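Protein chains: 2
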Amino acid sequence: MKTRAMDPSRRGLLAGGAALAAAAVGREALAQAPAAAPAKPALPAYVAWKSPEAVIVHTATTIETRRSAFGTSIITPADRLYIRNNLPAPDVSIVANRDAWVVNVEGVRQPRALTVADLKTMGLETVAAVLQCSGNGRGYFASKPSGTKWQVGAAGCVIWSGVPVRNVVAALGGLEGGARFMTGTGGETIPAGIDPRSVMVERSVPLKAMEDALLAWEMNGEPVPHAHGGPLRLVVPGYSGVNNIKYVKRLAFTREESEAAIQKTGYRISPPGQKHQPTEPSVWEMELKSWINGPTSEAGPVKAGLVQVHGVAMGATRALRRIDVSVDGGQTWQEARFVGPDLGRFAWRQFVLPIRLAPGEYLLASRAQDAQFNWQAEATPDNSGGYLNSGWRAHAIPLTVA
Amino acid sequence: MKTRAMDPSRRGLLAGGAALAAAAVGREALAQAPAAAPAKPALPAYVAWKSPEAVIVHTATTIETRRSAFGTSIITPADRLYIRNNLPAPDVSIVANRDAWVVNVEGVRQPRALTVADLKTMGLETVAAVLQCSGNGRGYFASKPSGTKWQVGAAGCVIWSGVPVRNVVAALGGLEGGARFMTGTGGETIPAGIDPRSVMVERSVPLKAMEDALLAWEMNGEPVPHAHGGPLRLVVPGYSGVNNIKYVKRLAFTREESEAAIQKTGYRISPPGQKHQPTEPSVWEMELKSWINGPTSEAGPVKAGLVQVHGVAMGATRALRRIDVSVDGGQTWQEARFVGPDLGRFAWRQFVLPIRLAPGEYLLASRAQDAQFNWQAEATPDNSGGYLNSGWRAHAIPLTVA
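Chains as they are written, first to last, in the numbering used here: chain A, 1 to 402; chain B, 1 to 402.
A few of these clues could be false.
[What the hints assert, rightly or not] Here chain B is said to cover these stretches of chain A; the calculated rule only asks that three of the stretch's residues, wherever they fall, bring their Cβ under 8 angstroms from a Cβ of chain B:
1) 154-163
2) 196-206
3) 213-222
4) 306-313
5) 323-333
6) 339-353
[Stated by the list, open to error] Mimicking SDA-like on lysine to any residue, the simulated pairs with C-alpha atoms at most 25 angstroms apart in a straight line are:
7) K120/A to H276/B
8) K303/B to T121/A
9) K120/B to S297/A
10) K120/B to D99/B
11) K303/A to K120/B
12) K249/A to Q308/B
13) K303/B to N97/A
14) K120/A to K249/A
15) K264/A to T254/A
16) K120/B to L363/A
17) K120/B to L306/A
18) K120/A to D99/B
19) K249/A to A171/A
20) K120/B to I355/A
21) K120/A to I397/B
22) K303/B to R112/A
23) K275/A to L306/A
24) K303/A to K249/B
25) K120/A to E361/B
26) K249/B to A304/B
27) K249/B to D118/B
28) K264/B to P281/B
29) K120/B to P301/A
30) K303/A to D99/B
31) K208/B to E287/B
32) K275/A to S258/A
33) K303/B to A171/A
34) K149/B to H276/B
35) K149/B to R66/B
36) K249/B to L306/A
Calculated from the structure, these hints are not laboratory results.
Model, not experiment: these values are computed from the prediction.
Where is the CB? At the ideal position from N, CA and C, for every residue including glycine.
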């Protein structure tokens with residue numbers, strides 16, 4: 001499939017699978033593909049509608065956005081957004097009647113099964129938020145932790161719309177006493193014959209996260225795509241991807257964290273090479289982070305003269321105050337300018353630094369500062385899962401100017 | 001093609017045309033289509049990647065977003081955005097090498113032909129803006145002006161990224177003296193044997209519009225789709241669609257308005273039934289406007305009880321101050337709440353009013369107020385072109401609650 005992007009006659013080929021007949025090739029991909037597009041694995045059928053030239057396909061369930069494909073318009077369109085699934089998605093038939101999807105709400109005074117149609121009457125909020133895989137940046141850790149070697153592209157900034165979880169809780173009489181966690185359970189099918197807890201996608205986050213959480217049926221102005229968790233996704237702004245439960249079928253307010261392996265012995269910050277222990281910190285809130293997206297010398301040296309160095313910066317749960325750019329790998333810094341509208345503290349911001357560069361070799365880096373005057377770390381300590389890498393030095397990229 | 005949305009076996013069929021082989025069917029459209037999707041004309045091949053269930057196809061060059069398909073996430077994704085082309089688009093091969101597209105800049109001290117690659121070095125700005133056809137709402141005028149009977153859907157809110165026109169002007173030595181207009185010329189192919197001025201897409205706007213204008217190469221985080229003017233579009237925030245020149249090949253700062261028919265005797269506000277005169281007001285800045293998008297009784301009565309009445313409001317060039325909603329056709333009003341991030345004065349805002357409705361018939365309306373305390377008009381005077389309809393009464397929609 002390496003000539004796929006170049007060959008008009010192949011653009012119409014579907015990757016097959018009866019349930020996936022709706023999948024389709026990316027738009028205008030032929031015309032937009034750079035002449036030197038590198039060979040890459042094909043998009044799997046269930047996301048064949050993604051833009052092939054904009055993504056790196058690691059495996060069928062791990063697909064990231066190319067660093068050069070983020071653009072400068074703040075939001076990440078669905079067809080460029082990364083994919084990371086812990087289990088295969090439920091059958092696509094679950095989005096045939098989106099309003100009929102049911103979520104069981106527990107740990108409230110009046111527990112109830114609610115359909116999406118019910119939820120749509122209970123409130124409406126719209127939040128722009130960074131969605132980022134816990135392992136984004138894993139590829140930059142020196143200890144080479146196992147797992148997908150994500151670079152920067154297991155992240156995107158999207159706009160979610162749905163009902164605030166606090167509205168739902170209020171409508172069901174409020175929380176039962178003693179809840180310390182909000183626990184979401186995904187609707188994936190569990191293979192028969194194994195302990196469900198060993199594979200099920202069920203995550204607990206601290207109860208305070210409820211304040212900003214949504215049960216979302218819409219992403220970027222469209223029903224949440226099935227591949228991204230539609231008909232209904234639990235969105236926990238500021239928390240890494242795994243906590244944002246796809247096809248959420250149960251939302252429970254619990255005294256204890258989930259007993260699922262993905263919670264208990266997965267997604268923990270552990271010393272390099274060590275197994276995760278339930279007592280170690282869970283991968284919850286994301287970190288202050290930024291990186292440069294352009295220009296790049298991917299297609300050859302950049303022309304000497306004025307260039308617009310640009311990238312993205314995120315405060316995770318806090319607003320941003322400042323962003324600096326370095327062209328010498330962090331020896332000297334210049335303050336850059338945020339570009340475009342501020343979509344709120346959970347979104348990322350684009351930034352730009354116009355700078356004149358003479359021919360030579362450069363190392364582009366950025367470091368963000370949040371509203372509480374915290375600076376992005378220079379380096380994130382290695383950890384066995386390769387989680388939450390947000391150090392600015394690891395994210396620096398070389399640039400050749402001629 | 002009326003069964004298209006219902007028939008999995010047809011989802012993979014391309015509409016044909018060698019140059020359009022990159023076009024593809026909309027994603028997940030099968031699964032998302034409501035069971036009672038009405039019969040409708042098929043999407044033409046050049047926009048076969050649009051979501052068929054989200055649009056109304058009037059003709060091959062006039063396609064609007066369904067009122068119920070705007071959602072509540074503020075932005076309008078490319079695959080739901082309306083299409084209105086005055087001339088057939090240039091061949092899709094113009095986006096094969098986007099950076100090589102050339103725009104001639106005239107009326108500056110150092111006129112120059114600039115490539116998109118040149119423009120990308122000259123500055124970067126990102127602006128969210130409503131893109132709206134001058135004739136949006138034409139279908140609601142009592143005088144039945146000729147032209148497409150748009151309802152609300154020849155509009156969308158998108159995020160543009162590109163270089164500010166003022167940067168380009170500064171880089172070319174500033175304006176020549178005496179300029180009163182910014183004139184953009186589209187790259188459409190003019191049929192042989194006719195006076196180019198009779199059909200060419202060339203529009204002049206007052207020079208002050210330059211302050212906010214962009215030469216944009218990106219829309220919603222992706223290269224501007226060919227169907228929406230890529231590789232390069234002149235974006236004039238706050239000005240109606242026709243002034244936002246697609247495939248812009250010439251940008252001139254001129255003493256006089258263009259001599260093209262589309263400027264001189266087109267897009268003017270004229271008395272009903274009368275031909276446009278060059279002395280009449282040109283269709284430039286848009287109007288303060290809002291409308292309700294949901295809930296609707298399209299698929300049957302809405303259930304009595306709490307409902308979330310929602311819609312969009314735009315200040316055109318001014319920030320919004322307030323939005324009111326009526327459920328009795330304007331006899332009484334209640335202030336609604338803006339939802340989600342404010343993307344700036346050129347964008348629209350979503351709003352919501354939670355309200356308990358008993359069984360009965362309702363007429364939903366909204367009226368917006370801008371930062372200068374202007375209220376949206378109750379009615380827009382009929383005009384022969386059917387332009388700029390923004391009256392709240394014409395945009396009211398009935399709702400049946402059972």
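Taking the hints in turn, this is what the structure says about them:
1. For the region 154-163 of chain A, the proposed coverage by chain B is satisfied: 3 residues have a C-beta within less than 8 angstroms of a C-beta in that chain, meeting the threshold of three.
2. Residues of the region 196-206 of chain A lying with their CB closer than 8 angstroms to a CB of chain B number 0, which falls below the three-residue condition for coverage.
3. Three residues within the 8 angstroms Cβ limit are the bar, and the region 213-222 of chain A against chain B gives 5, so the coverage statement holds.
4. Only residues whose C-beta sits within less than 8 angstroms of a C-beta in chain B count toward coverage, and the region 306-313 of chain A has 4 of them, enough to reach three; the restraint holds.
5. Check on the region 323-333 of chain A: 0 of its residues sit with their Cβ under 8 angstroms from a Cβ of chain B, so the three-residue criterion for coverage is violated.
6. Counting residues of the region 339-353 of chain A whose beta-carbon sits less than 8 angstroms from any beta-carbon of chain B gives 9, enough to reach three: the coverage restraint holds.
7. Between K120/A and H276/B the CA atoms are separated by roughly 46 angstroms; this puts the pair beyond 25 angstroms, and the hint is violated.
8. Only pairs whose Cα atoms come within 25 angstroms are accepted, and K303/B paired with T121/A is accepted, the gap being roughly 9 angstroms.
9. Simply put, K120/B and S297/A have alpha-carbon atoms about 14 angstroms apart, close enough for the 25 angstroms limit, and the pair holds.
10. The hinted pair formed by K120/B and D99/B meets the criterion: a straight-line CA distance of about 9 angstroms does not exceed 25 angstroms.
11. A distance of roughly 11 angstroms separates the Cα atoms of K303/A and K120/B; the hinted pair therefore holds under the 25 angstroms criterion.
12. With a C-alpha separation of about 23 angstroms, the suggested pairing of K249/A with Q308/B holds against the 25 angstroms cut-off.
13. Proposed proximity of K303/B and N97/A is supported: the alpha carbons are some 17 angstroms apart, at most 25 angstroms.
14. Our distance criterion of 25 angstroms between C-alpha atoms is met by K120/A and K249/A, whose separation comes to about 16 angstroms.
15. Of the supplied pair hints, the one linking K264/A and T254/A holds, its CA atoms being roughly 15 angstroms apart against a limit of 25 angstroms.
16. Only pairs whose Cα atoms come within 25 angstroms are accepted, and K120/B paired with L363/A is accepted, the gap being roughly 20 angstroms.
17. At most 25 angstroms may separate the alpha-carbon atoms for a hinted pair to count; K120/B and L306/A meet this at roughly 10 angstroms.
18. As the CA atoms of K120/A and D99/B are separated by approximately 44 angstroms, the hinted pair breaks the 25 angstroms bound.
19. Restraint check for K249/A and A171/A: the C-alpha separation of about 18 angstroms stays at or below 25 angstroms, so the hint holds.
20. With a CA separation close to 13 angstroms, the supplied pair K120/B and I355/A stays within the 25 angstroms bound.
21. Of the pairs offered as hints, the one joining K120/A and I397/B holds, with about 19 angstroms between alpha carbons and a cut-off of 25 angstroms not exceeded.
22. Among the hinted pairs, K303/B with R112/A is consistent with the structure: their alpha-carbon atoms are about 18 angstroms apart, no more than 25 angstroms.
23. Simply put, K275/A and L306/A have alpha-carbon atoms about 49 angstroms apart, too far for the 25 angstroms limit, and the pair is violated.
24. Note on K303/A and K249/B: the hinted pairing holds, with a Cα-Cα distance of about 23 angstroms set against a maximum of 25 angstroms.
25. The hinted pair formed by K120/A and E361/B meets the criterion: a straight-line CA distance of about 20 angstroms does not exceed 25 angstroms.
26. Distance hint between K249/B and A304/B is unfulfilled; the C-alpha atoms sit about 55 angstroms from each other, more than 25 angstroms.
27. The suggested pairing of K249/B with D118/B holds, with an alpha-carbon distance near 14 angstroms, which does not exceed 25 angstroms.
28. Note on K264/B and P281/B: the hinted pairing holds, with a Cα-Cα distance of about 10 angstroms set against a maximum of 25 angstroms.
29. Between K120/B and P301/A the CA atoms are separated by roughly 15 angstroms; this keeps the pair inside 25 angstroms, and the hint holds.
30. Our distance criterion of 25 angstroms between C-alpha atoms is met by K303/A and D99/B, whose separation comes to about 13 angstroms.
31. With a C-alpha separation of about 17 angstroms, the suggested pair K208/B and E287/B falls inside the 25 angstroms cut-off, and the hint holds.
32. The suggested pairing of K275/A with S258/A holds, with an alpha-carbon distance near 18 angstroms, which does not exceed 25 angstroms.
33. Between K303/B and A171/A the CA atoms are separated by roughly 17 angstroms; this keeps the pair inside 25 angstroms, and the hint holds.
34. Straight-line distance between C-alpha atoms of K149/B and H276/B comes to about 19 angstroms, which keeps the hinted pair within the 25 angstroms bound.
35. Proximity of K149/B to R66/B is assessed by CA-CA distance (about 13 angstroms); at most 25 angstroms being required, the pair is judged to hold.
36. Restraint check for K249/B and L306/A: satisfied, since their Cα atoms lie roughly 23 angstroms apart, inside the 25 angstroms limit.
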